[in-house]
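Student: Assemble the complex: chain A is given as a structure, and chains B and C must be docked to it using the hints.
Chains as they are written, first to last, in the numbering used here: chain A, 1 to 293; chain B, 1 to 312; chain C, 1 to 437.
To be clear, the hints were calculated from the coordinates, so they are not data collected in a lab. Treat the hints with care, since some could be wrong.
[Stated by the list, open to error] Cβ pair distances, simulated, as ranges:
| no. | chain 1 | residue 1 | chain 2 | residue 2 | range |
| --- | --- | --- | --- | --- | --- |
| 1 | C | V368 | B | F97 | 56 to 64 Å |
| 2 | A | E58 | B | L305 | 51 to 59 Å |
| 3 | C | T398 | A | R201 | 56 to 64 Å |
| 4 | C | R432 | B | L305 | 51 to 59 Å |
| 5 | C | V368 | A | L42 | 47 to 55 Å |
[What the hints assert, rightly or not] Here are some chain C residues pointing at chain B (derived, C-beta under 7 Å):
| no. | residue |
| --- | --- |
| 6 | A107 |
| 7 | G190 |
| 8 | N200 |
[Said to hold, decoys possible] Facing chain C, from chain B, some residues (calculated, C-beta under 10 Å):
| no. | residue |
| --- | --- |
| 9 | W66 |
| 10 | L144 |
| 11 | H165 |
| 12 | V167 |
| 13 | L170 |
| 14 | A176 |
| 15 | T256 |
| 16 | P260 |
| 17 | T274 |
Because the structure is a prediction, the values reported are computed rather than measured. Glycine included, C-beta positions come from ideal geometry on N, C-alpha and C.
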Amino acid sequence: MSQTAVSETQTILAVSVESKPVRRRKRPLRLHVFGPLWLYLLFTLVPFYMMVLFAFREPGSNSPLPIPFSLDNFLVVWQSIGFSVFFQNSVYVAVLTLVFTTVIALAGGYAMARFTFRGKTAFMLFLLCTQFVPGAMMLIPLFQVFSTFGLVNNLFSLIIADTAFQLPLSIILMSGFIRNVPRELEEAAWVDGCSRLQAFRVVVLPLLRPALVAIGAFAFIGAWNNFLFALMFISKQERFTIPVGLSYMLGEFSVNFGALAAGGVVAALPVVLVFAFVQKYLVQGLSAGAVKG
Amino acid sequence: MTAPTLTRPRRGARLAGTRAPRWHSRVSTPYLLIAPTLVLLIVLFVYPIINVVALSMQSYNLAQPWDDGFVGVDNFVRMAADTAFWQSIWVTFKWVFVEVGLQLVFGLILALIVNETFIGRGLARALIFSPWAVSGVLTTTIWLLLYNPGAGLVGVLADMGAVEHGVSPLAGTESAFWAAVVAELWRGVPFFAILILADLQSVPRDLHEAAEVDGANAWQRFWNITLPHLRNAIVLATLLRGVWEFNNVDLLYTLTGGGPAGATTTLPLLIANTAIRSSDFGYGSALTVVGFVILAVITVVYLRLTKFGKED
Amino acid sequence: MNSEHRRLLAASVLAATLLVGTACSSAPAADQEVTLQWWTSGGDPETANRVNGELIKRFEAENPKIKVDLLYLPGDSAEQKISTAVSTGAVPDILDTGIVNVSNLTARDAVEPLDDWFENSEYAKNIPESALANARTADPDGKLYFTPTMGLANVLWYRKDLLKQAGVAEPKSWDDFYAVADEMTDADKGVFGYIIRGGNGFMPQLLDVMYGQSGVSSFIDEDGKSTLNDPRNVKALERYVEMYGKDTAKSDLNADYLAMVAQFGSGKGVMFNHNLGSYTDNVKKFGAENVAGVQPFPSEAGPVTVSGQTILGNAIMKGSEHKDQAWKFVDFMMKPENVSYISEELGYIPMSKPVFDDTWVKDRQPLVDAIAVIDDPKTQVLHEPFYLPEYQKIAKVTLQTPWQQVLQGQLSVKKFLDQAADLFTQAEAAYRARNGK
Numbered sequence: 001m002s003q004t005a006v007s008e009t010q011t012i013l014a015v016s017v018e019s020k021p022v023r024r025r026k027r028p029l030r031l032h033v034f035g036p037l038w039l040y041l042l043f044t045l046v047p048f049y050m051m052v053l054f055a056f057r058e059p060g061s062n063s064p065l066p067i068p069f070s071l072d073n074f075l076v077v078w079q080s081i082g083f084s085v086f087f088q089n090s091v092y093v094a095v096l097t098l099v100f101t102t103v104i105a106l107a108g109g110y111a112m113a114r115f116t117f118r119g120k121t122a123f124m125l126f127l128l129c130t131q132f133v134p135g136a137m138m139l140i141p142l143f144q145v146f147s148t149f150g151l152v153n154n155l156f157s158l159i160i161a162d163t164a165f166q167l168p169l170s171i172i173l174m175s176g177f178i179r180n181v182p183r184e185l186e187e188a189a190w191v192d193g194c195s196r197l198q199a200f201r202v203v204v205l206p207l208l209r210p211a212l213v214a215i216g217a218f219a220f221i222g223a224w225n226n227f228l229f230a231l232m233f234i235s236k237q238e239r240f241t242i243p244v245g246l247s248y249m250l251g252e253f254s255v256n257f258g259a260l261a262a263g264g265v266v267a268a269l270p271v272v273l274v275f276a277f278v279q280k281y282l283v284q285g286l287s288a289g290a291v292k293g
Numbered sequence: 001m002t003a004p005t006l007t008r009p010r011r012g013a014r015l016a017g018t019r020a021p022r023w024h025s026r027v028s029t030p031y032l033l034i035a036p037t038l039v040l041l042i043v044l045f046v047y048p049i050i051n052v053v054a055l056s057m058q059s060y061n062l063a064q065p066w067d068d069g070f071v072g073v074d075n076f077v078r079m080a081a082d083t084a085f086w087q088s089i090w091v092t093f094k095w096v097f098v099e100v101g102l103q104l105v106f107g108l109i110l111a112l113i114v115n116e117t118f119i120g121r122g123l124a125r126a127l128i129f130s131p132w133a134v135s136g137v138l139t140t141t142i143w144l145l146l147y148n149p150g151a152g153l154v155g156v157l158a159d160m161g162a163v164e165h166g167v168s169p170l171a172g173t174e175s176a177f178w179a180a181v182v183a184e185l186w187r188g189v190p191f192f193a194i195l196i197l198a199d200l201q202s203v204p205r206d207l208h209e210a211a212e213v214d215g216a217n218a219w220q221r222f223w224n225i226t227l228p229h230l231r232n233a234i235v236l237a238t239l240l241r242g243v244w245e246f247n248n249v250d251l252l253y254t255l256t257g258g259g260p261a262g263a264t265t266t267l268p269l270l271i272a273n274t275a276i277r278s279s280d281f282g283y284g285s286a287l288t289v290v291g292f293v294i295l296a297v298i299t300v301v302y303l304r305l306t307k308f309g310k311e312d
Numbered sequence: 001m002n003s004e005h006r007r008l009l010a011a012s013v014l015a016a017t018l019l020v021g022t023a024c025s026s027a028p029a030a031d032q033e034v035t036l037q038w039w040t041s042g043g044d045p046e047t048a049n050r051v052n053g054e055l056i057k058r059f060e061a062e063n064p065k066i067k068v069d070l071l072y073l074p075g076d077s078a079e080q081k082i083s084t085a086v087s088t089g090a091v092p093d094i095l096d097t098g099i100v101n102v103s104n105l106t107a108r109d110a111v112e113p114l115d116d117w118f119e120n121s122e123y124a125k126n127i128p129e130s131a132l133a134n135a136r137t138a139d140p141d142g143k144l145y146f147t148p149t150m151g152l153a154n155v156l157w158y159r160k161d162l163l164k165q166a167g168v169a170e171p172k173s174w175d176d177f178y179a180v181a182d183e184m185t186d187a188d189k190g191v192f193g194y195i196i197r198g199g200n201g202f203m204p205q206l207l208d209v210m211y212g213q214s215g216v217s218s219f220i221d222e223d224g225k226s227t228l229n230d231p232r233n234v235k236a237l238e239r240y241v242e243m244y245g246k247d248t249a250k251s252d253l254n255a256d257y258l259a260m261v262a263q264f265g266s267g268k269g270v271m272f273n274h275n276l277g278s279y280t281d282n283v284k285k286f287g288a289e290n291v292a293g294v295q296p297f298p299s300e301a302g303p304v305t306v307s308g309q310t311i312l313g314n315a316i317m318k319g320s321e322h323k324d325q326a327w328k329f330v331d332f333m334m335k336p337e338n339v340s341y342i343s344e345e346l347g348y349i350p351m352s353k354p355v356f357d358d359t360w361v362k363d364r365q366p367l368v369d370a371i372a373v374i375d376d377p378k379t380q381v382l383h384e385p386f387y388l389p390e391y392q393k394i395a396k397v398t399l400q401t402p403w404q405q406v407l408q409g410q411l412s413v414k415k416f417l418d419q420a421a422d423l424f425t426q427a428e429a430a431y432r433a434r435n436g437k
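Extracted from the complex, chain A is given alone in its bound form:
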C-alpha cells in the first residue's frame, strides 16, 4: 500500500508544482552583469594564482610565472611531510561530519519548521548561545569532556566537535529551507496514505537539494579546515589532519612558501573540484522529482 502511496504522491508533486517547460536559453551575458562579475572573478583569482605560482614554481625561483614548472614541492609535501596521511584523515573527518551534521540538522530543522512546541524559542536561543564562546577558551574543558569518554587521540573527537559547532547554523538554515516547502505538499501525501516519514522522503527531500548542498558544503568545509581542535585533541602524528600539516610549513625557524602552497593546493583542489561538480544542484529548480507511473 505504501508503494502506491509513494508513487501517487510523486505524480501529484509533479503536477502540482510548476509544470511548464523550464526555460534554459543561454543568453550572452549583458554588460551590467558581465562587468562586475569579471571584476569579482579577478579579485577571487589573484590569491589563487599566488598559491599556484608558489606551488608549481621551482624552489628558489623568483619569477612571476610558474616556469620552470616543477612538482618538487608536491613530492616533498606528500611524502616527506606526510600529507598523504593527513589527507586521508581529513577526508574521514570531513565526510563523517557532513553526514552527521546533515542528518541531525534535517531532523532538527524539520522540527523547527513544522512544529510549535514548548521550549522552541529557548531551543533556538540555546543554539545561538553555543556560538558565542570562542573555541580557544573552550579547549581545555572540551578536552576533559572527550577524555571522560575515552576519545582522546581519536579522530571521532574531531567529528563530534565539528558536528556540534556546525549544527546550530545548519539547523537554523535547514529550518528556513524546509519552511519554504509548502505544507500542502506533505498534507497531500498524507491524504494518499503516506506516513510522515515517507511523505518527507518523497515530497520534501527532493526539494531540499539546494539546501542539502549548501549546508553539507558548510559542514564539510568547517571540518576540513578546522585547525585548533585537530591540533589539540590529537597527539599522534599519523592522525593529524591537513590544517595541522599546513601549519608545519610556517615556523620560527623555517618557512617554506613553496611547500605551503603545494600543501594548500592539495588541501583546496579536491574541495574546489567537488564544488564545481555540485554547484549545479544548488540551483535545481522546483521541477525536481521524477514522474513515475
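Tutor: Here is chains B and C on its own, set in the frame of chain A:
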C-alpha cells in the same frame, strides 16, 4: 497553471477523518527530532561554558600559578579600566559591521548574477565559491605574501609605480584594518553567495513573470518579490555570520596579530592574546563572559527588530 | 507510541549513540614493551621528520624493548599545545624544550629534575659547562630540568653576493653596519639595506643589536634592576631606530619572521638579524657561499656582547609513567654522534665538546664564528632572564605595541626602554621575593 493551491483550507481539514498524521498529532515528535542535537550540544557545551564563567571570577594564570585563586569581580573591575578592552570593543563593532555588511552585499549581488543563465555560468559559480574552501592558515599566508612589498603584489604594484616601495597596507593603523577587511571579504563572500543562491530557488517564477507582464523592471521585481522571499534567510544568515565574524580571529591573529597598536584587535582577539600569549585564563575568561553577554543582547535585540520568528 | 514514533525514537537514540559509542576505541592490547611519547618541534618538517625518525631507529635498535612515538609539532602552536597538555594531564614522556620555555613548565611543576640520572651518565662530561650553567638558571634552586645538547646564537645574516655585486665591503664594525645598510638601500627599486623586525617576536633582534652596540654586560644588574634603559642602551637603540623607513621598508613595522624571510628571499632586503635556526633555509635558498652569518661587532665598551644564547634539549615530564625508560632516550640523545647528527641536519650548535672537532662544524662559517665568540673569554654573554615566567608575556605581548610606536616616532626610545626596564625590574623583584633571594 497557477501556483500550488492558493486557497488554504483549514489546516488539516482535508485530513479530518483519515488516519494520516496530523501537524499537532503527537506531542513528542518534535522533541524526539531535536533530541540528538540537544544531547550533543549539552554534553559538549554546558561544561565548558560553566567552566569559563567560573574562571572569570578567578585569577588564573598558567605561567604564574602562585597567584591563582578566587577574586570575585576583580577581573571585571580591571576590564573597566583597561583601554585595550574598550578599544577592542570599538574595533569589534567596526569589524563585524563592515565585514558582514560587505559580504552580504557582494554575496547577494553575486548570487543574483549567477542565478541567471549564461554561458560559463557553472564555471563562474565554482570559482566564486572556491575561496570558501581554502583553510584559514593558508588564506592568511597568501594575503600576507600579497601584501609583502618584497615578494608580493604590493611589490609588483610598486615596481609599476603605483605605490611607494617598501610600504605595506599592513603597516599603517588605518590601512591594516582595511587590508584585513579585504582578505576576510575574499574568504567570506562565498558564504552568502552560496546560501542566497540556494534560497533564490524557492522564489516562485510565476510571480516574477506576472510582474514582468505588468511592466515591473528588474529592480522593482527584485525589491518587491525576491527580497521578501529571501528575508528570513538573510536575517538569520547575517546574524550567524555576524556572530562568526565576531568570534573567529584566525585571520586577524596571523595576518596582523591585532596590530599595529591594537588597530585590528577585536575583543575575541584580545581574548586569544590574553589566554594564549599571556597564559592569563582568568582575565581571558572574564573577557569571554563580557563578549558572550554582548552577543546575547545583540542577538535578542536583532531578532526583535527584524521581527523574526513569525510563523508563515 | 506508534511505530512511526518508535522509529523516530530509535533513530534519535541511534544518532546520538552512534556518534559517541562507535567513537570509543577499545583499549589497546597490553604490550610487553614500553612505548614512549616524544614531542619535538623546530627545524623544517621535512628534515625534522627524517632526522628524528633516524634517531628513533638508532635508539630502538639499541633498546629493543622500548619504542618511541614521535609527535612533531608546528612551530607556532607548539607552546599552546604543550600548555594545554599540561593543563589536561595528557603529557608526553619526553619533551624537546629549551631555556626559553622551560620556566613555564617548572612554574607548573610539570617536569622532572634530571640531576640524579645526569650524574650517572657517561655523556654528562661532554656538555660544556657554560651550557649546563645556562640550563640550570631556569630553576631558582639550580636543578637541571633538561639536557642542553643543542644551542642557538643570534646572528646577522647578509647577502655576500649582493654586496660583492655592488662593490661594497662586508661590515666589520657597527659603523660599517650602518654605512652598508645605507649604501645598499635603493628605495626606487624597492631594495632595502636592512630589515627591522617590528612585529611578532621582535625582542631577540632588538637585544642583539642594542647590547651588541652598547656593550652593557648584563640584562639585570646585581641589585635586580634591569639595564634596558641604561643611557648607553638608549643611545644604541636610537641609532638603530633611525634606520626605520630610511634604510628599511616602512612595512617592517609589522615584520615577523615570515615577512622578513619573504623579503630577504626575494632579494629586496640585504641584511637582517635572526639566529642560526635559519641557517638551513638560507643556505638552501642562496648557497653557503652567498650568505654570511656574523656575530655582533665589537661594542662601544670594547668586548663583543652576545645575546640569544638559547640552548635546547630534552626534558622528562612529571606525568610520564615510564621515567626510567624515558631517561634512556634522553641519555641516548646526549651521545656525541647523535648530537652531531641532529645539529648538522638542523643547523644547531652542537653542545657536545667532542663534536666541536667534527669537519662539518669547521666548514660552516656562521657556526665557526658563533663558537669562536663563545669560546673567547673576553666575550660578554648576556643572560636574558628566561627564568622569569613573565618574560615571554612582556617581551612578546606587553612591549609589542610600544615598540611599534617607537618605530613610527610616536614614542621616544627612552620612554620605551624605561617602561620595559620597569616591567623586568618588577618581575625580577617578584621572582626574588618568591624564592627568598
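Student: Indicate, hint by hint, whether the structure satisfies it.
Tutor: Each hint tested on the structure:
no.: 1; hint: C:V368 - B:F97: 56 to 64 Å; verdict: holds, 57 Å
no.: 2; hint: A:E58 - B:L305: 51 to 59 Å; verdict: holds, 56 Å
no.: 3; hint: C:T398 - A:R201: 56 to 64 Å; verdict: holds, 60 Å
no.: 4; hint: C:R432 - B:L305: 51 to 59 Å; verdict: holds, 57 Å
no.: 5; hint: C:V368 - A:L42: 47 to 55 Å; verdict: holds, 51 Å
no.: 6; hint: A107; verdict: holds, 6 Å
no.: 7; hint: G190; verdict: holds, 4 Å
no.: 8; hint: N200; verdict: holds, 5 Å
no.: 9; hint: W66; verdict: holds, 6 Å
no.: 10; hint: L144; verdict: holds, 6 Å
no.: 11; hint: H165; verdict: holds, 4 Å
no.: 12; hint: V167; verdict: holds, 5 Å
no.: 13; hint: L170; verdict: holds, 5 Å
no.: 14; hint: A176; verdict: holds, 7 Å
no.: 15; hint: T256; verdict: holds, 7 Å
no.: 16; hint: P260; verdict: holds, 5 Å
no.: 17; hint: T274; verdict: holds, 8 Å
Checked against the numbered hints given earlier, this structure breaks none of them.
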